[in-house]
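Trainee: Okay, here's what each chain looks like letter by letter:
Protein chains: 2
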Amino acid sequence: MLTADLLHASLGDPLLDVMNFLNEIAIRYPDAISFAPGRPNEKFYDPQQIATYLDAYQRYLREQRGFDDARITSLLFQYGRTNGHIGELLARMLEKDEGIRVAPESIVVTVGCQEATFITLRALFSKPTDVLLVGMPCYIGVTGAARLLDIEVAPVPERADGLDLDALEARVRELRSQGKQPRALYLVADFANPSGRSLPAPARHRLLELAAREQFLIIEDNPYGFFSREGPRKPTLKALDDRQQVIYLGSFSKSAFPGLRLGYAVADQRVTDAAGQHHLLAGEFSKIKSLLTVNTSALSQAVVGGMLVLNEGGLLEANQEAIRFYKTNMDATLQALERHFPKSEAWARDVTWNVPDGGFFLVMKLPIEADEALLEESARNFHVLWTPMRYFYLGTGGEHELRLSCSYLTPERIEEGVARLARHLQKAILERQPAPQVRAG
Amino acid sequence: MLTADLLHASLGDPLLDVMNFLNEIAIRYPDAISFAPGRPNEKFYDPQQIATYLDAYQRYLREQRGFDDARITSLLFQYGRTNGHIGELLARMLEKDEGIRVAPESIVVTVGCQEATFITLRALFSKPTDVLLVGMPCYIGVTGAARLLDIEVAPVPERADGLDLDALEARVRELRSQGKQPRALYLVADFANPSGRSLPAPARHRLLELAAREQFLIIEDNPYGFFSREGPRKPTLKALDDRQQVIYLGSFSKSAFPGLRLGYAVADQRVTDAAGQHHLLAGEFSKIKSLLTVNTSALSQAVVGGMLVLNEGGLLEANQEAIRFYKTNMDATLQALERHFPKSEAWARDVTWNVPDGGFFLVMKLPIEADEALLEESARNFHVLWTPMRYFYLGTGGEHELRLSCSYLTPERIEEGVARLARHLQKAILERQPAPQVRAG
Chain Y
451 MLTADLLHAS
461 LGDPLLDVMN
471 FLNEIAIRYP
481 DAISFAPGRP
491 NEKFYDPQQI
501 ATYLDAYQRY
511 LREQRGFDDA
521 RITSLLFQYG
531 RTNGHIGELL
541 ARMLEKDEGI
551 RVAPESIVVT
561 VGCQEATFIT
571 LRALFSKPTD
581 VLLVGMPCYI
591 GVTGAARLLD
601 IEVAPVPERA
611 DGLDLDALEA
621 RVRELRSQGK
631 QPRALYLVAD
641 FANPSGRSLP
651 APARHRLLEL
661 AAREQFLIIE
671 DNPYGFFSRE
681 GPRKPTLKAL
691 DDRQQVIYLG
701 SFSKSAFPGL
711 RLGYAVADQR
721 VTDAAGQHHL
731 LAGEFSKIKS
741 LLTVNTSALS
751 QAVVGGMLVL
761 NEGGLLEANQ
771 EAIRFYKTNM
781 DATLQALERH
791 FPKSEAWARD
801 VTWNVPDGGF
811 FLVMKLPIEA
821 DEALLEESAR
831 NFHVLWTPMR
841 YFYLGTGGEH
851 ELRLSCSYLT
861 PERIEEGVAR
871 LARHLQKAIL
881 ERQPAPQVRA
891 G
Chain P
451 MLTADLLHAS
461 LGDPLLDVMN
471 FLNEIAIRYP
481 DAISFAPGRP
491 NEKFYDPQQI
501 ATYLDAYQRY
511 LREQRGFDDA
521 RITSLLFQYG
531 RTNGHIGELL
541 ARMLEKDEGI
551 RVAPESIVVT
561 VGCQEATFIT
571 LRALFSKPTD
581 VLLVGMPCYI
591 GVTGAARLLD
601 IEVAPVPERA
611 DGLDLDALEA
621 RVRELRSQGK
631 QPRALYLVAD
641 FANPSGRSLP
651 APARHRLLEL
661 AAREQFLIIE
671 DNPYGFFSRE
681 GPRKPTLKAL
691 DDRQQVIYLG
701 SFSKSAFPGL
711 RLGYAVADQR
721 VTDAAGQHHL
731 LAGEFSKIKS
741 LLTVNTSALS
751 QAVVGGMLVL
761 NEGGLLEANQ
771 EAIRFYKTNM
781 DATLQALERH
791 FPKSEAWARD
801 VTWNVPDGGF
811 FLVMKLPIEA
821 DEALLEESAR
831 NFHVLWTPMR
841 YFYLGTGGEH
851 ELRLSCSYLT
861 PERIEEGVAR
871 LARHLQKAIL
881 ERQPAPQVRA
891 G
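Taken in order, these protein sequences are the chains called Y and P. First residue of the first sequence: 451, per the numbering used here; consecutive thereafter. First residue of the second sequence: 451, per the numbering used here; consecutive thereafter.
Isolated chain Y (complex conformation):
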């Protein structure tokens, strides 16, 4: 009765298989050392914490907010406000941790950052000529969501120091000349997934200027901003945003834990309707959210509420141990790469990688193709997993690159994993590349 051509066209796009691949590959190869998923480490988790946080949030509601038992029960069990019940705590957190000052009403609590992304795209993109700008390579959650909504995506290349703003400017003008409207740019300014790159501080100011001049919004996604490895943290685009040009997307998957499925969007833009009335964009988002998920799990909100209450309103301090852990892991990965891919060896000479300032990811370049066949070999024969960068490009790109995520492992497993990867790549490079001709001379 059902044939694939009857289903939405996005389901035939290989892009949509990738999210599942990333989510489920760890399940397929449970014993491999996995540099594949962008998962936080589980050493910081303990099931006892859940009751502690739930209790703390209930105590806060009772003691600070004057809720009685019936109101607490209602908040935890019943349908709730579409945009969530922890907006005030989140506004306080954003000011404390990020220097972002916004009203609680501007915050939409979502089922993870992914729902925030989806809502943002559905709200902003209306006409077939509307185009979403994304840095290339790009997180699949964004390009995939755009595909689901039949939104055209225009890639803009990243350089070693983050998004290429000259290319962005040229791209915007090119799109305009084609009668298209670049409505928004999606980017991760800090320790991007997948590239690990960050936008330098001066470029952030230039990007805000460019967005103002060219009239597009910026969708800033910041899941990794806490996890700086070297140097001071840079201000987010939203912290620099004095003209409400930035929609800021946040996640608790790394700063708290992924099982919550909790994120948020800050949408403090004013929307003017046909009658000249002003509305907050966050209010428009709530209309969409009510038709996707009604509201966000009250339990998940209560757990994060409890964490915030127990940590003086912020999560940056509470994450200091995690920040050190991820720094140690990235250092260990970089050192292991130096050791196991020595430049003195001919096979390793054309294997290179970037050196991120923080975050969970780095990218290796190989002299051979980093495709699914190579990954299957890695998994089956060498018990090590990684992610082909090809998945993160639209059109062509990334064919010779792979992403390593070092967040989920320990330094010992990283050392062993990089050693396995080196053994595999040495074999694969020697098999697949013809030995270089010795030049006469």
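It should be emphasised that the hints constitute simulated quantities derived from the structure, not laboratory data. Any given hint could be a false lead.
[Stated by the list, open to error] Only pairs whose alpha carbons sit at most 30 Å apart, straight line, appear in this in silico DSS-like list of lysine-lysine:
1) LYS577/Y with LYS684/Y
2) LYS577/Y with LYS777/P
3) LYS493/Y with LYS793/Y
4) LYS684/P with LYS777/P
5) LYS815/Y with LYS684/Y
6) LYS577/Y with LYS630/P
7) LYS493/P with LYS546/P
8) LYS577/P with LYS630/Y
9) LYS493/P with LYS777/P
Keep in mind it's a predicted model, so treat the numbers as computed, not measured.
Following the hints, position chain P against chain Y.
Mentor: Using the frame of chain Y, we list chain P on its own:
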């Protein structure tokens, strides 16, 4: 910078304000007696239960499934399988409570039934000529989600005994003759929201025959099926479905609690791709889900997992007290209506209502318009809330009807609320309707 015409056109549709209205009206008038929201009663909730359920689920994982502490922590805290980790428990529950036999792999755990609806629509609707059939009046979560995805909706009238199957058949043929494809029919066969109506058992067989002959799928949404007031429960369409024509949507908002945001879709259809390979439709759904919410809150899944483990795998028995409570409330509502709208009074003579077999809702018909102005009067001056039926119709319809939801109240509050409603409607009918001419004779 932002004007409303730049946003997705659905945001300008009054339909999208209604979901928020239904979700938030109880917050706006906290002291009114509210027959408005389709909320379950909170008397069955106690915050202590959350820890009990979470503990029971962890014990089940440890003792029945052989999970060690690390694996339990990972399940609760980490990213998880897109389609959820309680599929086996849900398959057992469906067999026990509903006589529905499906494989766990056919079940997609979702963020409430609303996400299941959205995913189903995104998957099935591909071309501009694809049309969704819905019974009229219809739950706004469905027509709103279709609007968000620019899917054309074709209404089919309900009769006193549920969906009009003759009209459905005529509608399908009419659409086909216009070059359109009716891809699926959405319906609530048991105690529908908003009408309270149910499809008689013989009509269920006829509907399945019709769907097979006319090649459309049935999306059966069953949030209220437990809550029978009179007579035996009817078999769901899915329980009768021997040709995989029915996608079944379930919710834990009424059988457990709404704050979980937990629902599911059963999508056991086989999809044949261009290469002749077969896939489960549930697998296609997972691709979409991964781009909406990644996966469903592990905590919410664990709470329902614990409830199922503590209740021998089903929830019907555990809901017997709730079932009696909602029956008592519906009885109380019907009796109060008889008492406060006596046919002996001229003003009440043209006020009528239906007598549902179960569920949360009934519909009143008035001789005056049941519009927002009347509702505001009710709320402000008589401290009683209800829902205009107009909201549940596309095009015209329902102008003189209102929905009463009797789930959220007690029999005492129902009595008082119906008394207030009668006082208001008496006043409004006498003011708005000219006194009937006394006929000569």
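Trainee: Would you mind marking each hint as holding or not holding in the structure?
Mentor: Now for the hints, and whether the structure bears them out:
Note on LYS577/Y and LYS684/Y: the hinted pairing is violated, with a Cα-Cα distance of about 35 Å set against a maximum of 30 Å. Of the supplied pair hints, the one linking LYS577/Y and LYS777/P is violated, its CA atoms being roughly 49 Å apart against a limit of 30 Å. For the given pair, LYS493/Y sits about 35 Å from LYS793/Y by alpha-carbon distance, which is inconsistent with the 30 Å threshold. Restraint check: the Cα-Cα separation between LYS684/P and LYS777/P comes to about 16 Å, which is no more than 30 Å; the hinted pair holds.
Of the pairs offered as hints, the one joining LYS815/Y and LYS684/Y holds, with about 27 Å between alpha carbons and a cut-off of 30 Å not exceeded. Only pairs whose Cα atoms come within 30 Å are accepted, and LYS577/Y paired with LYS630/P is accepted, the gap being roughly 23 Å. Between LYS493/P and LYS546/P the CA atoms are separated by roughly 26 Å; this keeps the pair inside 30 Å, and the hint holds. This hinted pair checks out: LYS577/P and LYS630/Y have alpha carbons roughly 23 Å apart, not beyond 30 Å.
A C-alpha spacing of about 15 Å is found between LYS493/P and LYS777/P, which places the hinted pair at or below 30 Å, so the restraint holds.
Comparing the model with each numbered hint stated earlier shows that hints 1, 2, 3 do not hold.
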